[in-house]
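*Asks:* Okay, here's what each chain looks like letter by letter:
Protein chains: 2
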Amino acid sequence: MTDLSPEEAARHREKMAKRKAVQDAEVAEKTLEKGLLIIHTGAGKGKSTAAFGLALRILGHGGRVGVVQFIKGAWHSAERDALTSFGDRVEWHSMGEGFTWETQDKARDIAACARAWEKARELLADPSIGLVILDELNIALRYDYLPLEAVVAALRQRRPDLHVVVTGRNAKPELIEAADLVTEMTLVKHHFKTGVKAQKGIEF
Amino acid sequence: MTDLSPEEAARHREKMAKRKAVQDAEVAEKTLEKGLLIIHTGAGKGKSTAAFGLALRILGHGGRVGVVQFIKGAWHSAERDALTSFGDRVEWHSMGEGFTWETQDKARDIAACARAWEKARELLADPSIGLVILDELNIALRYDYLPLEAVVAALRQRRPDLHVVVTGRNAKPELIEAADLVTEMTLVKHHFKTGVKAQKGIEF
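One line per chain: the protein sequences are A and B, in this order. Each residue of the first sequence is one higher than the one before, counting from 1 in UniProt numbering. Each residue of the second sequence is one higher than the one before, counting from 1 in UniProt numbering.
Hint data in this document are derived by calculation from the structure and do not stem from the laboratory. Treat the hints loosely; a few may be bogus.
Copies of the same chain look alike in the list, so a pair counts if it works inside one copy or between any two.
[Said to hold, decoys possible] DSS-like mimics (lysine-lysine), calculated; alpha carbons at most 30 angstroms apart, straight line:
#1 Lys189 to Lys15
#2 Lys172 to Lys34
#3 Lys72 to Lys20
#4 Lys15 to Lys172
#5 Lys189 to Lys200
Modelling step: build the complete structure from the supplied sequences, incorporating the hints.
*Replies:* Okay, here's the thing in C-alpha cells:
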C-alpha cells in the first residue's frame, strides 16, 4: 500500500490542500465563545461515559467539575473512584436511590429527584465550576418527577461560560430546543443479546 | 407532583415489582464473562470521549489502560493530561500526524498508521493491560491505510479477558461483524451550525 506513484502523491496533495482551505474557512467563520448545553440521549451506550470523558477534558485544562446523579445511587462508583482522585476539583453527588423498579416507591423517587435538583442548582450557581454533569436528569424529566419548565429555564439562565451535560434516554423536546449540542447514542449491536453478562470495567 | 393517593402508590409498586422480576430474569440469563470488542462510530460527538470515560471506569477498578491515537497528534492533549495523572497505569501513544488534509502527504500518513498499528499490537499483547483504546483506527481502515483482514484477525485473537474500544466514523462492516458492542453516535444538533466555535474543554 505504500508504493505511491509521484502522480498519485501529487493528486493526493492537491486534493488535501483544497480540503484544508475549506476546513480553514469553516473554522474562521465560527467566532462565538460560550458555555454549551450538551445532551447525550438515545438507547445506546456511552451517554454517561462520554459525559465523564468530557470531565477529563475539563480537568486536563485545570478546571473544576460538578456531578449530580439523579437515578444512580452509591452502587455505581468506578468512574467516581477514578474521578475523585482529582481531589476537590471534582464534586460528586449520587442523589438517586436506584432505578424505579428497585425502589418501587414513587413518592420516594420524586423526593430523591427534588433533592438532586436542589444540589444541581447549587453546582450551577458555583462560579468555580466549569462543567456540571446532570446524569440521568432526562429520566427524572421523562417521568415528570421534576417540573420541566423550571428545569429548562434554570439551564437556559446558566452562567454564559458554564458547560452543562445532561444525560439519559428520551430527552424532552423542550430541552433539545434549549441545547447547543445534542448527540443520540444508537445501539447497533449489543453483547447482552448473545448471553454475555454485564462486565466489570465496562458496564459498572 | 408529590401528592400520591395510596391507590396510586400501590399501583406503582405493583407495576415496578413486575418490572423488577423481568429485569432480574434477564440478568440471570446472562452468564458469559469475556473481554469485549467495542466500536464507537457515527458522525456525532462522543466517540473518543466515551472511550476515555471507559478508561476511567477501568482505572476506578484498579486496572491499566493503553491508548493509541492513529490520527491525532500531540496537539490533542487535555484528556491525555488528565489521564496521565494516573501515572504508569495509563500508557498513551499519540502516533498520528494530524488529519490527512493537514499533512497532505499520503505516504507519510500510511507510514504513521503502520507505526501506530505496531504499537497497538504491543499493547494488545501486554498482559498487564485491561483495556486498549484504538482511537480513530476506523479512519485508518476507511482509507485503506492498514490491511483490514489482518487488523480484524488480530482483534478477534485478543486475550479472552481484554477489552478493546475502536473509535472513528465509518466503521468497516467486517469490524462490526467481529464486535460485541457497537454504538453509533448520531448528530442531532450542533453549535457549529450557529457560528459557535470549538470550545476549550469541550472540543479540545
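*Asks:* So, for every hint listed, does it hold in this structure?
*Replies:* Verification of the hints:
For the homomeric pair Lys189 and Lys15, the shortest alpha-carbon distance between copies (29 angstroms) is at most 30 angstroms, but the shortest distance inside one copy (36 angstroms) is not. For the identical chains of this complex, Lys172 and Lys34 are intra-copy neighbours only, at 23 angstroms inside a copy versus 36 angstroms across copies, given an alpha-carbon limit of 30 angstroms. Proximity of Lys72 and Lys20 under a CA criterion of 30 angstroms is satisfied inter-copy only: 16 angstroms between copies versus 44 angstroms inside one chain copy. With identical chains, the CA atoms of Lys15 and Lys172 are at most 30 angstroms apart between copies only, with a shortest distance of 24 angstroms across copies and 42 angstroms within one.
In the homo-oligomer, the alpha carbons of Lys189 and Lys200 lie at most 30 angstroms apart inside one protomer (19 angstroms), although the nearest pairing across protomers, at 33 angstroms, exceeds that limit.
Hint compliance for this structure: every hint is met.
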